[in-house]
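**Q** Taking the hints into account, I'd like the entire structure generated from these sequences.
Protein chains: 2
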Amino acid sequence: MSKERDRQPVRIALLGCGTVGGGVLRLLNENRSYLELRVGAPLEVAHVLVRDASKERVRECRAEWVTTDPEVVLGDDRVDVVVEVMGGEQPARRYVERAIRAGKGVVSANKLLIARHGAELIEQAIEHRVDLAFEASVGGGIPVIRTLRESLASDSVSSVHAILNGTCNYILTRMRDTGLAFDAALAEAQRLGYAEADPSLDVDGHDAAQKLVVVSMLAFDAHIDQEALLVEGIRAIDQTDFRFADRFGFTVKHLGIGHDRGDRLELRVHPALVRKASVLAHVDDVLNGVFVQGRALGPCLLVGRGAGDMPTAVSVVADIVDVARSRLEGEPGLSTRSIQLSRRELLPIEDIETRYYLRFDVADHPGVIGTIASVLGNEGISIEQMVQEGRAVDADEGVPVCLITHHTREGAVRRALQAVSTQRFLKAPPRLIRIEDV
Amino acid sequence: MSKERDRQPVRIALLGCGTVGGGVLRLLNENRSYLELRVGAPLEVAHVLVRDASKERVRECRAEWVTTDPEVVLGDDRVDVVVEVMGGEQPARRYVERAIRAGKGVVSANKLLIARHGAELIEQAIEHRVDLAFEASVGGGIPVIRTLRESLASDSVSSVHAILNGTCNYILTRMRDTGLAFDAALAEAQRLGYAEADPSLDVDGHDAAQKLVVVSMLAFDAHIDQEALLVEGIRAIDQTDFRFADRFGFTVKHLGIGHDRGDRLELRVHPALVRKASVLAHVDDVLNGVFVQGRALGPCLLVGRGAGDMPTAVSVVADIVDVARSRLEGEPGLSTRSIQLSRRELLPIEDIETRYYLRFDVADHPGVIGTIASVLGNEGISIEQMVQEGRAVDADEGVPVCLITHHTREGAVRRALQAVSTQRFLKAPPRLIRIEDV
Numbered sequence: 006m007s008k009e010r011d012r013q014p015v016r017i018a019l020l021g022c023g024t025v026g027g028g029v030l031r032l033l034n035e036n037r038s039y040l041e042l043r044v045g046a047p048l049e050v051a052h053v054l055v056r057d058a059s060k061e062r063v064r065e066c067r068a069e070w071v072t073t074d075p076e077v078v079l080g081d082d083r084v085d086v087v088v089e090v091m092g093g094e095q096p097a098r099r100y101v102e103r104a105i106r107a108g109k110g111v112v113s114a115n116k117l118l119i120a121r122h123g124a125e126l127i128e129q130a131i132e133h134r135v136d137l138a139f140e141a142s143v144g145g146g147i148p149v150i151r152t153l154r155e156s157l158a159s160d161s162v163s164s165v166h167a168i169l170n171g172t173c174n175y176i177l178t179r180m181r182d183t184g185l186a187f188d189a190a191l192a193e194a195q196r197l198g199y200a201e202a203d204p205s206l207d208v209d210g211h212d213a214a215q216k217l218v219v220v221s222m223l224a225f226d227a228h229i230d231q232e233a234l235l236v237e238g239i240r241a242i243d244q245t246d247f248r249f250a251d252r253f254g255f256t257v258k259h260l261g262i263g264h265d266r267g268d269r270l271e272l273r274v275h276p277a278l279v280r281k282a283s284v285l286a287h288v289d290d291v292l293n294g295v296f297v298q299g300r301a302l303g304p305c306l307l308v309g310r311g312a313g314d315m316p317t318a319v320s321v322v323a324d325i326v327d328v329a330r331s332r333l334e335g336e337p338g339l340s341t342r343s344i345q346l347s348r349r350e351l352l353p354i355e356d357i358e359t360r361y362y363l364r365f366d367v368a369d370h371p372g373v374i375g376t377i378a379s380v381l382g383n384e385g386i387s388i389e390q391m392v393q394e395g396r397a398v399d400a401d402e403g404v405p406v407c408l409i410t411h412h413t414r415e416g417a418v419r420r421a422l423q424a425v426s427t428q429r430f431l432k433a434p435p436r437l438i439r440i441e442d443v
Numbered sequence: 006m007s008k009e010r011d012r013q014p015v016r017i018a019l020l021g022c023g024t025v026g027g028g029v030l031r032l033l034n035e036n037r038s039y040l041e042l043r044v045g046a047p048l049e050v051a052h053v054l055v056r057d058a059s060k061e062r063v064r065e066c067r068a069e070w071v072t073t074d075p076e077v078v079l080g081d082d083r084v085d086v087v088v089e090v091m092g093g094e095q096p097a098r099r100y101v102e103r104a105i106r107a108g109k110g111v112v113s114a115n116k117l118l119i120a121r122h123g124a125e126l127i128e129q130a131i132e133h134r135v136d137l138a139f140e141a142s143v144g145g146g147i148p149v150i151r152t153l154r155e156s157l158a159s160d161s162v163s164s165v166h167a168i169l170n171g172t173c174n175y176i177l178t179r180m181r182d183t184g185l186a187f188d189a190a191l192a193e194a195q196r197l198g199y200a201e202a203d204p205s206l207d208v209d210g211h212d213a214a215q216k217l218v219v220v221s222m223l224a225f226d227a228h229i230d231q232e233a234l235l236v237e238g239i240r241a242i243d244q245t246d247f248r249f250a251d252r253f254g255f256t257v258k259h260l261g262i263g264h265d266r267g268d269r270l271e272l273r274v275h276p277a278l279v280r281k282a283s284v285l286a287h288v289d290d291v292l293n294g295v296f297v298q299g300r301a302l303g304p305c306l307l308v309g310r311g312a313g314d315m316p317t318a319v320s321v322v323a324d325i326v327d328v329a330r331s332r333l334e335g336e337p338g339l340s341t342r343s344i345q346l347s348r349r350e351l352l353p354i355e356d357i358e359t360r361y362y363l364r365f366d367v368a369d370h371p372g373v374i375g376t377i378a379s380v381l382g383n384e385g386i387s388i389e390q391m392v393q394e395g396r397a398v399d400a401d402e403g404v405p406v407c408l409i410t411h412h413t414r415e416g417a418v419r420r421a422l423q424a425v426s427t428q429r430f431l432k433a434p435p436r437l438i439r440i441e442d443v
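Chains A and B are the protein sequences, given in the same order.
Here our numbering = 1-based position in the first sequence + 5.
Here our numbering = 1-based position in the second sequence + 5.
No lab work stands behind these hints: they were computed from the structure.
Any given hint could turn out to be false.
Remember, identical chains collapse to one label, so a pair may be satisfied in a single copy or spanning two.
[Unchecked claim] Calculated pairs, SDA-like style, for lysine to any residue (alpha carbon to alpha carbon, straight line, at most 20 Å): (1) Lys-281 to Thr-178; (2) Lys-60 to Glu-237; (3) Lys-281 to Val-392; (4) Lys-60 to Leu-117.
This structure is a prediction, so every number in the text was calculated from the model and none was measured.
**A** Here it is as structure tokens:
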């Protein structure tokens, strides 16, 4: 069993050389000898595909590697592992598919690509007996994928609650800790480089939704259509919500949530009230956190930087090591072959059951609370706590009435909100934040 | 590269079949087909070595596997992987060494064995080209070892702060949340099965010290003599400490701490004040948490159940998969060969630098605070905050004076405490709790 292997280097091609790609080159260089020990052979960079060859790169990127011609990279039979760190859907998808067809191992850090096409790409990888690794597509340097695949190999996941977007988490943390309004916290995040000029991908929940799809693929062996997910962002959260949340013992976090409900899967992305005593409530600022409940393992929380060039590069290199080892060991694709996805139907949002925080900005008239309570009662919704804040100075001014419900169906809650909406005392559309017991 | 491998099963022998061993058999059985996919061959149990064959075992433990004769197990050449879940130093050590010499892969869940003899066992494993995996020896189901070895393959760890003992964490959590005294909280932990009848291994810090040695082996590539560690338990912590800690913005956690200080390693195990805003401060009850600071990765926290049969069994099976794969792949021992430990000298405790919480139970006389402050000043210790609680009703009764210092050397603090100890106003020996910025 102890045959000596040839020490032929494993040849790597990078597609893209932005901040993550540059980080990968730095780490490969700095940890050369340790990585060779782990892989069992040297790792050698063969090509770095870029769009603009004149752009300055990290010192570790040798000029002779750089090319703008995808043919040079993808047509090179001696390349063993293709590392896609370019992002975006195309041409990344085309390049990755071609690499797979050519029998190369692939490492991708591209959440959009894996969320939209992961299932097909895994199928193609299995067909061509190559590995497709994508730890860096979710949670930056946090070993989410590895933990789900390897540590939990003998377990099954019953639920996932994850803070997957650092921008949302930063904004919500600042709103909670400093009393900033959403817009001001967003502007601050933009100044610090934590949010894009167009923040929609982050603050409207789409980035978190992509990551939840990737996490759920491995947590629930599920092939999920991202379009089917309930996705809500954090734009509507205001200081009144934080004040009431605090009073009820909660804080507000933006979560990606997955529950295995037997034949159905419950997946949703939205702001949620989380008990202040829970660990997840203290995963703050730009940190990400993935809380997994394993049937045998019990609770497991992984926290770290969800973005940033170096944390992401650390994950990419860990994947390169795995894919390179698996090629050398003469059994490439074994890891990927054990991913068996099946289409799982999602639970319709009306059928989910949780607790709810409801807020009604109402005219300060007698009888208002009674009306709200009876509308909820008619839908069978039981109220755990109800608070009206202060009194309006002027009778026409609205005052917030907030309540939290016991466990109930979302369908009933939606019907109740619909019914309250017709009431003339309402000064603004009613608001709903789901409560998660995590 | 895509040669078909023979599908010969990988044969496993269990040494020990207590709760963890039983959990392993259950998980191997329940996840048979998935594990076969991941390994690339079936996993087959060949033997289960027990001390008492008449004892009742889990349903999954077939009678024909059970033997009390170590020779039957260790002398069987067809066994590929030996899984040591018996615990204790001997005969576990002898059996593991024999298995290694016979060229078998070894999985061990034995923290005492790995903490005391890990370095030698790794050396033997490397010599005999076999793998030695021990994820389950630390942190139960938390993927600490895997993360350090695989995810951080291209990174280096600058520090570790870890809650490694669930018993201590439970007791401290209950003391903080309910105001229980140490003895009462310990009694409660014993009633709930979280603490042994003789709790010394846990509450005096020895269990955490063993685990810190194992974590540090992989975090710092260091071969450490456990005897050299500073180890303090939690028996001395009382409600006065919790009250002051809270007032200063901290909570009390029992931590294993490691810092890479260049040529030296700083390792210590003791109760510590941790900022209430830090995530680690909210890893409560019996949960364990390992907070790693990677130079490239940044902060990474892993939280989960640090003990318990099923979480630990999940880690054991993950290791079995790795060791089995590596045998099938014709390159057994590759993972273990990349562990390169070197003896690292420990920083003497006098030379560590941190912030300190100091408490003096003093007679309520004028001038006492002044005296304490000048003794500290003489040692160059700068005080950040100082609080005297209440006034004694009777002048002979002690009142606590608590302070926190700026960063200072432990040597200076110890000299200052020595000097204060000679003062007649002191009603009890002065107390010290280190403050950790984590």
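**Q** Hint by hint, say whether it matches the structure.
**A** Hint by hint, here is what the structure shows:
1. Lys-281 to Thr-178: both (13 Å within a copy, 15 Å between copies)
2. Lys-60 to Glu-237: Neither. Shortest intra-copy (38 Å) and inter-copy (55 Å) distances fail the 20 Å Cα cut-off.
3. Lys-281 to Val-392: This pair counts as within: shortest intra-copy Cα distance 19 Å, inter-copy 28 Å.
4. Lys-60 to Leu-117: neither (25 Å within a copy, 54 Å between copies)
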